[in-house]
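A.B. asks: For reference, the chains in residue letters:
2 protein chains.
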Amino acid sequence: MQYSIGIDIGGTNSVMGIVDKMGNILFEAELITKDYEHLEGFVDASYDELFPQIVKLGKNNFKGIGIGAPNGNYYNGTIEFAPNLRWKGVLPLAKLFSDKFGLETTVTNDANAAAIGEMMHGAAKGMNDFIMVTLGTGVGSGFVANGKMIYGHDGFAGELGHVIAVRDGRLCGCGRKGCLETYTSATGIVRTANEFLETKSTSSLLRSVANITSKDIYDAAVQGDFLALEIFQFTGKILGQSLADAVAITSPEAIILFGGLAQAGKYIFEPTHKYMEENLLKIYQGKVKLLPSELRESDAAILGAASLIWNADKVLV
Amino acid sequence: MQYSIGIDIGGTNSVMGIVDKMGNILFEAELITKDYEHLEGFVDASYDELFPQIVKLGKNNFKGIGIGAPNGNYYNGTIEFAPNLRWKGVLPLAKLFSDKFGLETTVTNDANAAAIGEMMHGAAKGMNDFIMVTLGTGVGSGFVANGKMIYGHDGFAGELGHVIAVRDGRLCGCGRKGCLETYTSATGIVRTANEFLETKSTSSLLRSVANITSKDIYDAAVQGDFLALEIFQFTGKILGQSLADAVAITSPEAIILFGGLAQAGKYIFEPTHKYMEENLLKIYQGKVKLLPSELRESDAAILGAASLIWNADKVLV
Numbered sequence: 000m001q002y003s004i005g006i007d008i009g010g011t012n013s014v015m016g017i018v019d020k021m022g023n024i025l026f027e028a029e030l031i032t033k034d035y036e037h038l039e040g041f042v043d044a045s046y047d048e049l050f051p052q053i054v055k056l057g058k059n060n061f062k063g064i065g066i067g068a069p070n071g072n073y074y075n076g077t078i079e080f081a082p083n084l085r086w087k088g089v090l091p092l093a094k095l096f097s098d099k100f101g102l103e104t105t106v107t108n109d110a111n112a113a114a115i116g117e118m119m120h121g122a123a124k125g126m127n128d129f130i131m132v133t134l135g136t137g138v139g140s141g142f143v144a145n146g147k148m149i150y151g152h153d154g155f156a157g158e159l160g161h162v163i164a165v166r167d168g169r170l171c172g173c174g175r176k177g178c179l180e181t182y183t184s185a186t187g188i189v190r191t192a193n194e195f196l197e198t199k200s201t202s203s204l205l206r207s208v209a210n211i212t213s214k215d216i217y218d219a220a221v222q223g224d225f226l227a228l229e230i231f232q233f234t235g236k237i238l239g240q241s242l243a244d245a246v247a248i249t250s251p252e253a254i255i256l257f258g259g260l261a262q263a264g265k266y267i268f269e270p271t272h273k274y275m276e277e278n279l280l281k282i283y284q285g286k287v288k289l290l291p292s293e294l295r296e297s298d299a300a301i302l303g304a305a306s307l308i309w310n311a312d313k314v315l316v
Numbered sequence: 000m001q002y003s004i005g006i007d008i009g010g011t012n013s014v015m016g017i018v019d020k021m022g023n024i025l026f027e028a029e030l031i032t033k034d035y036e037h038l039e040g041f042v043d044a045s046y047d048e049l050f051p052q053i054v055k056l057g058k059n060n061f062k063g064i065g066i067g068a069p070n071g072n073y074y075n076g077t078i079e080f081a082p083n084l085r086w087k088g089v090l091p092l093a094k095l096f097s098d099k100f101g102l103e104t105t106v107t108n109d110a111n112a113a114a115i116g117e118m119m120h121g122a123a124k125g126m127n128d129f130i131m132v133t134l135g136t137g138v139g140s141g142f143v144a145n146g147k148m149i150y151g152h153d154g155f156a157g158e159l160g161h162v163i164a165v166r167d168g169r170l171c172g173c174g175r176k177g178c179l180e181t182y183t184s185a186t187g188i189v190r191t192a193n194e195f196l197e198t199k200s201t202s203s204l205l206r207s208v209a210n211i212t213s214k215d216i217y218d219a220a221v222q223g224d225f226l227a228l229e230i231f232q233f234t235g236k237i238l239g240q241s242l243a244d245a246v247a248i249t250s251p252e253a254i255i256l257f258g259g260l261a262q263a264g265k266y267i268f269e270p271t272h273k274y275m276e277e278n279l280l281k282i283y284q285g286k287v288k289l290l291p292s293e294l295r296e297s298d299a300a301i302l303g304a305a306s307l308i309w310n311a312d313k314v315l316v
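So the protein sequences, as listed, match chains P and Z. Residue 273 in numbering that gives the first Met the number 0 sits at position 274 of the first sequence, and the numbers go up by one each step. Residue 33 in numbering that gives the first Met the number 0 sits at position 34 of the second sequence, and the numbers go up by one each step.
By construction, these hints were calculated from the structure, which means they are not laboratory data. It is possible that some hints are incorrect.
It does not matter which identical chain is used: a pair holds within one copy or between any two.
With a straight-line Cα cutoff of 16 angstroms, these simulated EDC-like cross-link-like pairs (lysine to aspartate or glutamate) come out [stated by the list, open to error]:
#, residue 1, residue 2
1, Lys286, Asp298
2, Lys236, Glu276
3, Lys288, Glu269
4, Lys176, Glu277
5, Lys281, Glu79
6, Lys286, Asp153
7, Lys58, Asp98
So that you can see chain P by itself, here it is in the shape it has in the complex:
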């Protein structure tokens, strides 16, 4: 049996695991990312977690390490200026891991890793053309065309979260205005809720909640709360409009929604699908499936990163 290692580096937590080619996760570990002042310390801690298991399964059976990381660059194997990490500048992530472990290491961003995981084990199995959209704290995406991940010229393709959904709209963490992720991420929908509560007089269950989360909005919607439903309509409209524009570029077979906000099910899927269809150029109407991810949220990060190794066209040493 051959194995690969999948590591998902997040701003808060990082998860890692050993995965076989069928997508079974044989071992899992977690680190608190921000406990590590330097990337080198994080690499050492990962080694301490994983290496005993690698030895147990036989190091020769390991094909490599796949890492999904914010601003992970596929071509250089680097993390570059990731705003949510303590580790600043351009960091040779792949090199540090491959030197320490003696295993080939491939890096990409987390949404691309999720897309590859979905293609190997999830809702995009057998598809050559699809878009993966992650609706988490931010909005990420991975575009696959002709059966291959689009990394782009510089390794940073697929930033759907930063297309301008509303010209001169909400201020984004990236310094620009109106980015899709300021509206359709878990944090974006909370901004919408707070705006609606302030500008509308509709009564709502949300009025009695302090520090509203996206989960609160979902819970209110499930109870039929009119304002919560309106918040989902608004969010789905903006997401659907931006997806319609993305379809005009790559014309995918499906768009797969993943992440916290996607778990709101019909409350987000129905308006998103409706407004996507309304905004599609006629030749695309009725053709593009809008699907939920088929990977378990907890597994997806590790599976996706590990899949990089099976899928990699180019593996960095």
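With chain P held as given, fit chain Z onto it using these hints.
C.D. replies: Chain Z alone, transformed into the frame defined by chain P:
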């Protein structure tokens, strides 16, 4: 020597030629597209023009026929519901040509054909990731990623002219509002001129022109006409904004502008580049070249279509 045939079907005229692998056009002919009530008659007329030349060069030396056509579908070899052609519905274009000529025939839309021509003989030589944007009567585009044309799931990818540049903006021929091509095509810039002339009181050389064309706006700009320069600024701003969004999806090495409006040179390139840079996510800034096509306007259509044959991953018979 091997040859291929390139045919560009336009709403008004169609051009066709015999091309060698170096990109030399050895023979050229033109037909008035709208003279032919049925596609079959057009195929016969093309045969009459081309076949004597094919015989002269030796039919066995011909590798196939490439056709760029409005709403041309790469996968099916069809034209599907092309609004600018007399021939309605779904038409088996590749089959009719291959049956008549006894040569393999590949079809795509005109902007994709131009992109392939540019990749083989023009400004995109050696590039794996670029976007071709044609600014003609409409706005077309071809996206290349990982060295391959993105045809999408249905063969219709790359409709950048129909991303929504201005939400609830100008009515487009496609029935929707605010499409990029209503602003940044040769016809779009004329709409802008007429709007500006009506809503602004600035004096302008254009005020004395009846039935303004994009060429008139260019001529006025060359003479330093303030309103004409403002029209180009406005057009470049909208184009630059939409290009910045497209970069966030495929992260190309270059964007190549082609077609009538691109010939306005610095008047369109400078504002487009400025506003594209201003609207790019930081990681893409200063990385994406904005280039003019290196194909002669008159050759590009034939060369691009012929290039389909050398480049085709899949050739329809």
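A.B. asks: Now look at each hint and say whether the structure bears it out.
C.D. replies: Going through the hints against the structure:
1. Lys286 <-> Asp298: neither (30 angstroms within a copy, 35 angstroms between copies)
2. Lys236 <-> Glu276: within (10 angstroms within a copy, 28 angstroms between copies)
3. Lys288 <-> Glu269: within (12 angstroms within a copy, 39 angstroms between copies)
4. Lys176 <-> Glu277: between (25 angstroms within a copy, 12 angstroms between copies)
5. Lys281 <-> Glu79: Classified as between; 12 angstroms across copies, 40 angstroms inside a copy.
6. Lys286 <-> Asp153: For Lys286 and Asp153, only the inter-copy Cα distance (8 angstroms) is at most 16 angstroms; the intra-copy one is 31 angstroms.
7. Lys58 <-> Asp98: The answer is within: 14 angstroms in one copy meets 16 angstroms, while 59 angstroms across copies does not.
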